[in-house]
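Chemist: One letter stands for each residue in the lines below.
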Amino acid sequence: MSDRIEKKVHLRAPLERVWQAIADSSQFGVWFGVVFDGPFVAGTRLVGRITPTQVDPEVAAMQKPHEGKTFTFIVDRVEPMRTIVFRWHPYAVDPDVDYDSEPMTLVTFDLAEVADGVLLTISESGFDAIPLSRRAEAFTANDGGWTKQAELIKKYLVGTSAS
Amino acid sequence: MSIADQAAGHAGRNALVFAALGDPTRLGIVTRLGARGPLSTMSLTSATRLSRQAIAKHLRALEDADLVHGKRGGRDKVWELRTERLEDVGAYLAQISAQWDQALGRLRDFVELEQP
Numbered sequence: 001m002s003d004r005i006e007k008k009v010h011l012r013a014p015l016e017r018v019w020q021a022i023a024d025s026s027q028f029g030v031w032f033g034v035v036f037d038g039p040f041v042a043g044t045r046l047v048g049r050i051t052p053t054q055v056d057p058e059v060a061a062m063q064k065p066h067e068g069k070t071f072t073f074i075v076d077r078v079e080p081m082r083t084i085v086f087r088w089h090p091y092a093v094d095p096d097v098d099y100d101s102e103p104m105t106l107v108t109f110d111l112a113e114v115a116d117g118v119l120l121t122i123s124e125s126g127f128d129a130i131p132l133s134r135r136a137e138a139f140t141a142n143d144g145g146w147t148k149q150a151e152l153i154k155k156y157l158v159g160t161s162a163s
Numbered sequence: 001m002s003i004a005d006q007a008a009g010h011a012g013r014n015a016l017v018f019a020a021l022g023d024p025t026r027l028g029i030v031t032r033l034g035a036r037g038p039l040s041t042m043s044l045t046s047a048t049r050l051s052r053q054a055i056a057k058h059l060r061a062l063e064d065a066d067l068v069h070g071k072r073g074g075r076d077k078v079w080e081l082r083t084e085r086l087e088d089v090g091a092y093l094a095q096i097s098a099q100w101d102q103a104l105g106r107l108r109d110f111v112e113l114e115q116p
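For the record, the sequence lines run as chains A and B. When we follow my numbering, the leftmost residue of the first sequence carries the number 1, and every step to the right adds one. When we follow my numbering, the leftmost residue of the second sequence carries the number 1, and every step to the right adds one.
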């Protein structure tokens with residue numbers, strides 16, 4: 001079972017610029033849609049407050065109902081220009097739930113300089129510890145309709161049949 | 001704490017699917033049921049080197065997580081995969097994955113289009 005999400009994106013911007021956008025908590029907040037109560041320093045626990053993103057009006061509208069919701073964010077590791085590792089609660093959007101008592105997932109941003117920019121790899125792992133009820137909520141909260149469910153399960157079964 | 005205890009700790013069907021699938025034997029059972037359709041405890045046991053008791057215990061853990069459903073079929077129980085549980089799990093990861101796609105799209109706009 002895949003317990004991990006990995007994304008790779010090629011960003012046409014200088015390494016320094018990309019690093020600042022991720023490692024500077026106020027810049028991170030601009031595109032992600034959150035305001036942190038401090039800088040990203042390894043070993044610190046921060047509180048993030050959801051604030052609609054300033055980058056994309058459509059996404060901002062989706063984040064609006066969650067505005068003001070706070071979440072715990074732990075900075076595990078910072079290696080300038082290379083790696084930053086966080087822990088957080090995925091999809092922690094229900095104001096009535098105390099997510100702090102639940103396990104966190106591990107989120108890694110890895111930067112590699114390439115010819116015309118930066119190859120950024122993000123990975124999130126540790127979903128196996130998240131209660132199913134929480135996962136089901138995240139899934140029903142989405143109004144997009146999961147037409148790909150059959151494909152997902154097929155992929156899942158094919159992917160695990162080797163074991 | 002067993003899977004059954006964890007399942008009992010949550011209301012109703014809020015069992016830990018991933019935990020249930022975290023064991024190679026249980027994952028093997030799920031995969032076999034997915035590939036071949038409903039199978040008896042005996043045929044699931046014969047595909048492994050484990051005892052019938054051990055397999056029955058794994059099946060109970062899968063049942064607690066709502067991943068399989070057991071029906072009486074003659075002298076033996078017949079087990080069927082409950083695909084809706086797996087769909088929930090797949091959809092959850094798809095949801096998180098889509099959120100990352102969106103967030104990375106915004107990061108791209110931020111670093112490529114705007115000046116700090």
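None of these hints come from the bench; they were simulated from the model. All C-beta atoms in this analysis are idealised placements derived from N, C-alpha and C, irrespective of residue type, glycine included. Just to be clear, a hint being listed does not mean it is correct.
Where chain B lies over chain A, by a calculated footprint (3+ residues, C-beta under 8 Å) [as the list claims (entries may be wrong)]:
| # | region |
| --- | --- |
| 1 | 12 to 25 |
| 2 | 37 to 43 |
Derived EDC-like pairs: lysine to aspartate or glutamate, alpha-carbon spacing no greater than 16 Å straight-line [what the hints assert, rightly or not]:
| # | chain 1 | residue 1 | chain 2 | residue 2 |
| --- | --- | --- | --- | --- |
| 3 | A | K8 | B | E63 |
| 4 | A | K7 | A | D110 |
| 5 | B | K77 | B | E63 |
| 6 | A | K69 | A | D37 |
| 7 | A | K7 | B | D101 |
| 8 | A | K8 | A | D128 |
Chemist: Which hint numbers doesn't this structure obey?
Modeler: 2, 3 and 8
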